[in-house]
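Asker: Listed in order, the protein sequences are those of chains B and Z. For what it's worth, my numbering labels the leading residue of the first sequence as 1, then goes sequentially. For what it's worth, my numbering labels the leading residue of the second sequence as 1, then goes sequentially.
Hint data in this document are derived by calculation from the structure and do not stem from the laboratory. Any given hint could be a false lead.
Straight-line C-alpha distance at most 27 angstroms; calculated DSS-like pairs for lysine-lysine [stated by the list, open to error]: (1) Z:K33 with Z:K151; (2) B:K64 with B:K41; (3) Z:K285 with Z:K151; (4) B:K64 with Z:K156; (5) B:K35 with Z:K195; (6) Z:K156 with Z:K179; (7) B:K64 with Z:K285; (8) B:K2 with Z:K179; (9) Z:K156 with B:K41; (10) Z:K195 with B:K12; (11) Z:K156 with B:K12; (12) B:K41 with B:K77; (13) Z:K284 with B:K12; (14) B:K12 with Z:K183.
Derived contacts from chain Z toward chain B, CB cut-off under 7 angstroms, selection only [as the list claims (entries may be wrong)]: (15) A21; (16) L48; (17) T50; (18) T54; (19) L90; (20) L92.
Residues from chain B that keep clear of chain Z, each with C-beta distances beyond 12 angstroms, as calculated [claimed, not checked]: (21) K2; (22) F30; (23) V40; (24) E44; (25) G52; (26) V65.
Treat the numbers as computed from the prediction; the structure is a model and nothing was measured. The C-beta atom is built at its ideal place from N, Cα and C for all residues, glycine as well.
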Amino acid sequence: MKIEVLGTGCTKCMQLEAVVKEAVAKSGKFAQIEKVDDIVKIMEYQVMSTPGLVIDGKVLSTGKVLSVDEVLELMNK
Amino acid sequence: MWYELSKEFIYSTLGLEGKLADAIHFFVYDTLKIWFLLLTIIFAVSFLRTWVNTEYVRAHLQGKSSFYGHVGASLFGIITPFCSCSAIPLFLGFIQARIPIGVTFSYLISAPMNNEIAIAMLFGIFGWKVTSIYIVFGLSVAIVGGWIIGKLGMEKEILMDVKPIEGELEATLVKLTLKQRAKEAWNYSVDIFKKIYIYVMIGVGVGAWIHGYIPTDFIARYTGEGNPFAVIIAVLMGIPMYSNAAGVMPLVEVLTSKGMLLGTALSFMMAVTALSLPEALILKKIISLKLIGLFFAIVGSGIITIGYLFNFIL
């Protein structure tokens, strides 16, 4: 599983990254976490409100900091 | 209700009198009232917002007529969230969807100006009349300003090469239950409230001090009819104050009650929200200084015109 956090370095993006790390640790799954801060790449996902959460190439959330439980739920889909 | 409660507490329970009591009463009453309104209005706006996000706005504005585009973009600016950190993805995202640059600017002017914090503060302090005037004029600046920028043919001033997305965009909105929406809106409101409640207190506190101790003639002389440049100075002063709309507005309330003209106050508040230095610095990465300068000049003169117009009419 590959999880990407999209964001150009705002506070919210860093918060989401921390949440994702915690969620992955909690789930016990093997997942690759990547922080995407290249604006061109973010645009390729057609995301305009950061932070965005992308799991396996699919945009699942934009513009908000999710809770650990919400990320876990999205990971299990 | 708040007024009586706070009055009762200060004068009877604590037994205070005179100027100090007036100032404390003013502080407690105003802080409570503004906190309450902030939470209510931010909650209402963010609840509505769970149905509309920027991706949806983009898909909706794509390929529309110029008139519809400018008006629609400005109206959407009221409800959608905006922080200067998302200005770049937003700007490029609109261009990517082949939305004209002028329409993009209409949105970029309207979104920070008509944000929920500014609206809640205005409503709490000045009531619904001034709030509606602010919104209507704010929309006009966004519509006209965006239209002018569109007419100037500034496409070459975008420093980044954006590949347009082919075809029609489809907005992906997550389906949520009402309860989930309410919960999300509540979390968001508490989040925002935590960030700004202290500024409200500081703003009201300084306001209370001015209210009690600075003589009226002093303020009227510098910000009232006696100073023909008041509006321009107010706008220039508003530019660096972006992030503190919550703290600045209680001050403006006191200044107007002491003789500052309402048009000057409106211009100042619009400058605080619409013209932000951090946003300009961020946009500098993707658009030329020339275009940023034009953007500030057009919005600035729009706001100044509104201020003078308003002072003149009233």
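Asker: Confirm or reject each hint.
Answerer: Results for each hint:
Restraint check for Z:K33 and Z:K151: the C-alpha separation of about 44 angstroms exceeds 27 angstroms, so the hint is violated. Distance hint between B:K64 and B:K41 is fulfilled; the C-alpha atoms sit about 19 angstroms from each other, no more than 27 angstroms. Proximity of Z:K285 to Z:K151 is assessed by CA-CA distance (about 23 angstroms); at most 27 angstroms being required, the pair is judged to hold. A threshold of 27 angstroms between alpha carbons decides the hint, and for B:K64 with Z:K156 the separation of about 33 angstroms lies outside it, so the pair is violated.
The straight-line distance between the Cα atoms of B:K35 and Z:K195 is roughly 25 angstroms, inside the 27 angstroms bound, and the hint therefore holds. Of the supplied pair hints, the one linking Z:K156 and Z:K179 is violated, its CA atoms being roughly 47 angstroms apart against a limit of 27 angstroms. Pair hint B:K64 plus Z:K285 holds up; C-alpha atoms about 24 angstroms apart against a cutoff of 27 angstroms. Our distance criterion of 27 angstroms between C-alpha atoms is broken by B:K2 and Z:K179, whose separation comes to about 31 angstroms.
Only pairs whose Cα atoms come within 27 angstroms are accepted, and Z:K156 paired with B:K41 is accepted, the gap being roughly 22 angstroms. At most 27 angstroms may separate the alpha-carbon atoms for a hinted pair to count; Z:K195 and B:K12 meet this at roughly 13 angstroms. A distance of roughly 32 angstroms separates the Cα atoms of Z:K156 and B:K12; the hinted pair therefore is violated under the 27 angstroms criterion. Between the alpha carbons of B:K41 and B:K77 the distance comes to roughly 24 angstroms, so the proposed pair stays at or under 27 angstroms and holds.
Taken as a hint, the Z:K284 and B:K12 pair is honoured in the structure, with Cα atoms around 22 angstroms apart against an allowance of 27 angstroms. Simply put, B:K12 and Z:K183 have alpha-carbon atoms about 19 angstroms apart, close enough for the 27 angstroms limit, and the pair holds. Because the beta carbon of Z:A21 sits about 41 angstroms from the nearest beta carbon in chain B, more than 7 angstroms, this interface hint is broken. This hint is violated: Z:L48 has a C-beta 15 angstroms from the nearest C-beta of chain B, more than the 7 angstroms allowed.
The closest approach between the C-beta of Z:T50 and any C-beta of chain B is roughly 10 angstroms, which is over the 7 angstroms cut-off, so the hint fails. Interface hint at Z:T54: satisfied, since its Cβ lies 5 angstroms from the closest Cβ of chain B, which is below the 7 angstroms cut-off. Given the 7 angstroms rule on beta carbons, the hint for Z:L90 holds: about 5 angstroms separates it from the nearest Cβ of chain B. The beta carbon of Z:L92 is positioned within 7 angstroms of a beta carbon in chain B (closest approach about 5 angstroms), and the interface hint is therefore held.
The beta carbon of B:K2 is kept farther than 12 angstroms from every beta carbon of chain Z, the shortest such distance being approximately 20 angstroms. With a closest Cβ-Cβ approach of about 27 angstroms to chain Z, B:F30 is found to remain outside the 12 angstroms limit, as its non-interface label requires. Its closest Cβ contact with chain Z, about 8 angstroms, brings B:V40 to no more than 12 angstroms, contrary to its assignment away from the interface. Under the 12 angstroms C-beta cut-off, the non-interface status given to B:E44 relative to chain Z is violated; the minimum distance is some 9 angstroms.
The beta carbon of B:G52 is not kept farther than 12 angstroms from every beta carbon of chain Z, the shortest such distance being approximately 9 angstroms. The Cβ of B:V65 sits about 8 angstroms from the closest Cβ of chain Z, inside the 12 angstroms cut-off, so the non-interface label is violated.
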